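Model the full structure from these sequences, guided by the hints.
For the record, the sequence lines run as chains A and B.
Read in order, the letters of the first sequence correspond to residues 1 to 318 in my numbering.
Read in order, the letters of the second sequence correspond to residues 319 to 568 in my numbering.
Possibly wrong hints are sitting among the right ones.
[Stated by the list, open to error] Result set (SDA-like, lysine to any residue): computed pairs, CA atoms no more than 25 Å apart in a straight line:
no.: 1; chain 1: B; residue 1: K484; chain 2: A; residue 2: G138
no.: 2; chain 1: B; residue 1: K472; chain 2: A; residue 2: S195
no.: 3; chain 1: A; residue 1: K301; chain 2: A; residue 2: V14
[Stated by the list, open to error] Quick look at which bits of chain B chain A covers, simulated, 3 or more residues with Cβ under 8 Å:
no.: 4; region: 326-335
no.: 5; region: 417-425
no.: 6; region: 527-534
Since the hints were derived computationally from the structure, they do not count as laboratory data.
Predicted model only: the values in this text are computed from it and were never measured.
Just so you know, even glycine gets a beta-carbon here, dropped at the ideal spot from N, CA and C.
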Amino acid sequence: MTAPRIRLVVTLAVLAGLALLPPVSAALGQDFYVDLFTRIMIFAIAAVSLDLILGFGGMVSFGHAAYLGIGSYAVGILAYYHIDNGYLQFGTAIAASALIALFIGWVSLRTSGVYFIMITLAFGQMIYFLGESVNQFGGDNGLNIERHSDFAAFLSLDRPVTLYYFVFAWLALCLGLGWRLVESRFGMVIRGAKSNETRMVALGFHTFRYKLVAFVIAGAMAGVAGALLANLTLFLSPSIMHWTRSGEIMMMVILGGMGTLIGPVLGAIAYLVLENALSGFTEHWQAILGPFLVLVVIFSKTGLLGAAGAWRTKSTHA
Amino acid sequence: MPEALLATRQLRKRFGGLVATDDVSVEILPGEIHAVIGPNGAGKTTLIAQLAGDLQPDSGAILFAGQDVTGLTAADRVRRGLARSFQITNVFREFSALDNVSLAVQASAGHSFHFWRSARRDPALREPAETLLAELGLSARLGVAAGNLSHSEKRTLEIAMVLASKPRLVLLDEPLAGMAPEDSRRMVQRLAALKGKVTILLIEHDMDAVFALADRLTVLVYGRAIATGTPDVVRANEAVQRAYFGDEAE
Chain A
1 MTAPRIRLVV TLAVLAGLAL LPPVSAALGQ DFYVDLFTRI MIFAIAAVSL DLILGFGGMV
61 SFGHAAYLGI GSYAVGILAY YHIDNGYLQF GTAIAASALI ALFIGWVSLR TSGVYFIMIT
121 LAFGQMIYFL GESVNQFGGD NGLNIERHSD FAAFLSLDRP VTLYYFVFAW LALCLGLGWR
181 LVESRFGMVI RGAKSNETRM VALGFHTFRY KLVAFVIAGA MAGVAGALLA NLTLFLSPSI
241 MHWTRSGEIM MMVILGGMGT LIGPVLGAIA YLVLENALSG FTEHWQAILG PFLVLVVIFS
301 KTGLLGAAGA WRTKSTHA
Chain B
319 MPEALLATRQ LRKRFGGLVA TDDVSVEILP GEIHAVIGPN GAGKTTLIAQ LAGDLQPDSG
379 AILFAGQDVT GLTAADRVRR GLARSFQITN VFREFSALDN VSLAVQASAG HSFHFWRSAR
439 RDPALREPAE TLLAELGLSA RLGVAAGNLS HSEKRTLEIA MVLASKPRLV LLDEPLAGMA
499 PEDSRRMVQR LAALKGKVTI LLIEHDMDAV FALADRLTVL VYGRAIATGT PDVVRANEAV
559 QRAYFGDEAE
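Right, here's the structure in full:
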């Protein structure tokens, strides 16, 4: 099997597995998994969005949790003022995170390498401290959200399973859009800019514009993840914007396989399932998770997906 | 004499105490292959960098097709038809040969804010790229990652990418550098076949190739253009002989 075919098969298998998870966990009487995997899929959306710029565009944004926060606060703040309309809440979450990504990207993309990492990190922390300082919306104590986003008669997110499939639909949509995006002319430009930016400029591409648009798309997608997260936790807290959260999202991308779309989804599943399982054993779960991540990165530069591909190739050759 | 396609007017560039380009005024005529030669350190690469827009001159002007392009960025110059190849092979290593050239075709096909249709299945990009690669003898290597091509194949790919943007003038920076004699000869044939189709400004150390290809030459020494003319005229020029054969000739 060729690499794209392996990715397609893995993608379909993962989506089928996720689609079947609620009835299976209900049959097993383990409803807890529905909540866990809702959370996993939300972080998978954030990780896919980061990978669009990190894995495909070579932009190492270390402030990606900021957009998660902005999406989340958009929902929370509107709910605080009793504006529960879901279309309005999600529309605001997308518009606000896109707009802030436009500003942050417009400034940050003038730099590259370590400077880009530092400047995106700085912007991320600025937004984190902003969230911590606005006491009206809970400050660092956080704020409860009274109601789920209201999509009227269309669907009610009050039922965990409905919320699960709502998040699932968003994940499938983001994967589909991401797939078209990276294969399109636009996608070829940002991938070319990752591979060799000087050459792209010499070919006549204004790479800055394309990278900025990619940055905005990724920010908006992470904003959706934030809006979904607010609906899952019904709680606003600046901690979801902390830089360590940005690091976790980046870890999911690297763990699963940068520069593929299904890789970050696998990364989110592996990271959060491990976190969940290990934290049941010991409070020092990070001491086990850390070395595991190091091993994956050392032994497979292309993450879990690359490891699966290598194993597959080996077994077909044997 | 027809009007020059590319011309410089008293172009000047200093790096500290070193005058790398010293009042250079050259004219490249439409359709010609114009070679710039000179000993190491003569300022050939600095000159090409200013023409391509990678370096800004301290003073003087660059005119392309009658318009002043001195202040334009590299990307904008490419869009007007002034393309360059690189001295050091500069391709997209992870992309296939066909992807490399398709991307170059895409660069000249309007903006790339197309988010939906697959670029790799777009005949408007693939067909011209395949044709170009076939003309340059790389048909059998379309799917090979550019990083895995041989040195001379990479150099050929580089030429294909430059031509894919349908430029009016190509700046070729040492296209034969590092090539085996056999590959070098084939490349000279390919460049000769381009004569008349596209105007070429050629920087090259291989004198046999230069004299085989060039319609006219400009000789650069210590940043100054000391002679311009047909190969015969330049060969007979005294100043050129001194520069190339050293002061002991005096």
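Hint check:
| no. | hint | in the structure |
| --- | --- | --- |
| 1 | B:K484 to A:G138 | violated (60 Å) |
| 2 | B:K472 to A:S195 | holds (16 Å) |
| 3 | A:K301 to A:V14 | holds (21 Å) |
| 4 | 326-335 | violated (count 0) |
| 5 | 417-425 | holds (count 6) |
| 6 | 527-534 | violated (count 0) |
This entry does not satisfy hints 1, 4, 6, going by the numbered hints stated previously.
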